[in-house]
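Chemist: Line order of the protein sequences matches chains A and B. Take the first sequence: its letter number 393 is residue 393 in this note's numbering, and every next letter is one higher. Take the second sequence: its letter number 116 is residue 116 in this note's numbering, and every next letter is one higher.
Derived from the structure by calculation, the hints contain no laboratory data. All values derive from a computational prediction rather than experimental measurement. Do not rely on the hints blindly, as some may be mistaken.
[What the hints assert, rightly or not] Keeping only pairs whose Cα atoms sit at most 27 Å apart, straight-line, the calculated DSSO-like set for lysine-lysine is: (1) B:K297 <-> B:K222; (2) B:K220 <-> B:K108; (3) B:K105 <-> A:K270; (4) B:K290 <-> A:K64; (5) A:K91 <-> A:K291; (6) B:K61 <-> A:K270; (7) A:K270 <-> B:K73; (8) A:K103 <-> B:K222; (9) A:K159 <-> A:K91; (10) B:K297 <-> A:K64; (11) A:K270 <-> B:K108; (12) A:K64 <-> A:K103; (13) A:K64 <-> B:K66; (14) B:K220 <-> A:K91; (15) B:K61 <-> A:K64; (16) B:K108 <-> B:K73; (17) A:K91 <-> B:K222; (18) B:K222 <-> B:K290; (19) A:K367 <-> A:K339; (20) A:K367 <-> A:K384; (21) B:K73 <-> A:K64; (22) A:K291 <-> B:K66; (23) B:K61 <-> A:K291; (24) B:K61 <-> B:K108; (25) A:K159 <-> B:K222.
[Stated by the list, open to error] Listed next, the stretches of chain A that the computed footprint assigns to chain B, with coverage defined by at least 3 CB atoms under 8 Å from CB atoms of chain B: (26) 37-47; (27) 55-68.
Cβ atoms here follow ideal geometry from the backbone N, Cα and C, with glycine treated the same way.
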Amino acid sequence: MVGGKVFPDSTNSKLSGVIGLAAPKDRLAAYVLDCAILLPLVQLLQAPIRRNLFEAMLFEESQKISQLQFFNLLIFIVLFIVYYTVCTWWKGQTLGKLFFGVKVISYQGKLSFFQSLQRSVTIFFEFLSLGYPFLAIFSHNLRRPIHDRVADTLVISLKSPIGFPTRSEKFGARLVGTFMSFLFVGFSLAYIIEDDDFSHAEFLSLETDSCEHYVATSAGDAEVLTSHYIARTIESECLFEEARDLLWDNADNQAAKLALALVHRDDDEKSRSYLEAMCDGNEGEYCQFSKWMLANLDQEKASADQLFNLVKGEVQSPLLKALVGHYLLKEQSFFKLSKILGSLNQPHPMEPAIASMQFQALLGQLKWDEALWVYRAHGSVNDKDLVDFLNRDLEVGVLTTKQHIQLLELFYPELQTGSYGGRFPASTSSAPEEIIELYEALEGEL
Amino acid sequence: MIVPFLDGFMMFSRAPITWLIILLNAFLFSQNYSLSNDCQEQFEAWYQDTDFLYTQGQIYKQFSNKPEAKKIKDMETLGRLAFRDEAFMSRAPQSTWSGDSVAIKSWKRDISEFMVVRAYYPPLLLGMSDSRKDFISSLSYQFYHEGFFHLLGNMMLVLIVGGYLERRYSGSLVFATYVVGGSLAALLFAQTSGMSGAPLVGASGSLCALLGLLFSLEFKNKTRLFYMFLPAPGYMGFVSVSTIYWVILFCMIEDVSGWMAQPEAFSSGVAHLVHLLGFIVGVTIGFLIKPLALQIKRSRQSTLSSRVA
């Protein structure tokens, strides 16, 4: 009872007498108790599904996982709605409401089953809206959130009734509601904006897609995958995971062992172990190559000449030839590199690696026009190869600064300008930032 | 939050046997805590080593006859599950496997080191597992816990339930139920489900036996629960509820659903079946000795009343 007042009701005159509204804390506590009672029952009903879900997750059966998660959720929703509907219709009270002396009454007299069902379903959707509609308990004059208005019900207290919401309650509800609205809009905008940017997550997914693409096209061939790695079209992590799987499928896969030796080159012990394993029961070309690499690791200064002679006579594997080419490139033996590349009979699976090395071999032999043709003809040859060549040459000092500038101007004619004396506007140049910076540095040296 | 409170936390003088059980648990825990911690820190290095787990998964795939093991695609997950297979842990390092010979060699070296540390791991020495499932281990496992919060949680409930029973009936009954219930539960579990390489430790089976005893002796009576729905006066306090309801709803249903949710081939970290078996043993003990127990209760109550008078 609240001062003996009859609460005004503009919708239905059947409600009469003196009643008191239920306090929000009582209603909340009743929900908490109902959840505590429902939870063990939900878990019991969900148990068989959780068992299958655990197995489906272990076996990575994604379709089954989605289905089971849906059923899991369905059980929870159905039990929730059934419990609230039946209890509210039968007694006007759930167990939680009974404990806290709270009751649901209807403006239409007796509470019907349909009203209870309406109420329960609406409560469920209110929870889905993160509880935002429940704020009406503090702002509506009769403390009726949407579910009470939809079902034409009122929640009263039998033990400790309270009155209408006070001004501070209404103000608080509006403040919280406004804050939640801003939060929601803010998060939505942030999500939309982030989605437009080339975010790091997208970049990673592109890298993953690249790995998946080359793994699919290589069709389980470790030689092809390793060549993609040498050509820098896949990362070491990608090669490592695939080579590892291939080696477990076939313990004699020499190319896989070589790939693992390459990806572990920062771990001397592991790299050495894989190289030594290439000679287990096998004295073929891979074993010969591994011996050369082991000598290199032991810093016995096994030369590229020795490697060249090894390859010229004995090695047939295109991958090994490509690898030898890679080492010859590092030692700047461009002539021998060209000879090796010429001896490759089937370049196509390893085209990226071959084209890249061919390009740099031509640059090293000052066959720049041919190099330019290779650069334009092969999409896999890119600015990174040019920059690598220039950086390597800058260390060794074979070409002059003027030759470096001429080389850059050959590839990027827009860099060449009679009155060039300052920073070239990036927006009018197709050259990447790194090339422009290198060009400016070289110009400064002249 | 709703937890059983009964007569609350009793002092030593009112429930000495229950306190002795707790002190024994605490003593064993304190004596082995440091060694257990050291072992776990070392284990953690292997549990985080993805290469090691991957290799172990590949080897386990070759070793295991379980069809489920063949279906798991993620080798690291399979590698983690392999730790629970006692037969694998003891036989695999000595066997020959096909695949990445470098990784296999490295794994064998690591697993030998792992087994050395494992040999000193207290839960394996004091608990029950596939390699230790005798009568002695069925007794010792009940008095050892793996972590502080595991110990704290179990002992609080032992004090509440055990203290209540000791006060009304007898300490010998509490101790007997604790030991016999926990022991039988573990032995039955070993027979029905089979043990794994992961050790079974903790007082949960014994605690459930005490709950079963409480259930059978007091199921018509009301006992006190502590509740807290909101941290405010009027929304937290004590309530008396029939024992049958809260034991079933808040204790046993969770274990039944946990047990049903466990796949056969791979168990989770909680032995729900041990809890259920402990409960059943406790209920059985309660019903068997009910007349005697009620006699003891009446005589205790009359002794107390005459003291008060």
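Chemist: Each hint: holds or not?
Modeler: Hint check results:
1. B:K297 <-> B:K222: holds (16 Å)
2. B:K220 <-> B:K108: violated (59 Å)
3. B:K105 <-> A:K270: holds (11 Å)
4. B:K290 <-> A:K64: Violated. K290 of chain B to K64 of chain A sits at ~50 Å, over the 27 Å cutoff.
5. A:K91 <-> A:K291: violated (86 Å)
6. B:K61 <-> A:K270: holds (24 Å)
7. A:K270 <-> B:K73: holds (25 Å)
8. A:K103 <-> B:K222: holds (26 Å)
9. A:K159 <-> A:K91: holds (16 Å)
10. B:K297 <-> A:K64: Not OK: K297 of chain B and K64 of chain A at ~55 Å, beyond 27 Å, violated.
11. A:K270 <-> B:K108: Since the Cα atoms of K270 of chain A and K108 of chain B sit roughly 15 Å apart, the hinted pair holds (cutoff 27 Å).
12. A:K64 <-> A:K103: Roughly 42 Å separates the two Cα atoms, so the pair is violated.
13. A:K64 <-> B:K66: It holds: about 21 Å lies between the C-alpha atoms, which stays within 27 Å.
14. B:K220 <-> A:K91: It holds: about 25 Å lies between the C-alpha atoms, which stays within 27 Å.
15. B:K61 <-> A:K64: holds (23 Å)
16. B:K108 <-> B:K73: holds (22 Å)
17. A:K91 <-> B:K222: holds (24 Å)
18. B:K222 <-> B:K290: holds (18 Å)
19. A:K367 <-> A:K339: holds (15 Å)
20. A:K367 <-> A:K384: holds (19 Å)
21. B:K73 <-> A:K64: Cα-Cα ~15 Å, so holds.
22. A:K291 <-> B:K66: Violated, at roughly 42 Å.
23. B:K61 <-> A:K291: The hint is violated at about 33 Å.
24. B:K61 <-> B:K108: holds (16 Å)
25. A:K159 <-> B:K222: holds (24 Å)
26. 37-47: holds (count 7)
27. 55-68: n = 4 at 8 Å, threshold three: holds.
Hints 2, 4, 5, 10, 12, 22 and 23, counting from the list given before, are not met by this structure.
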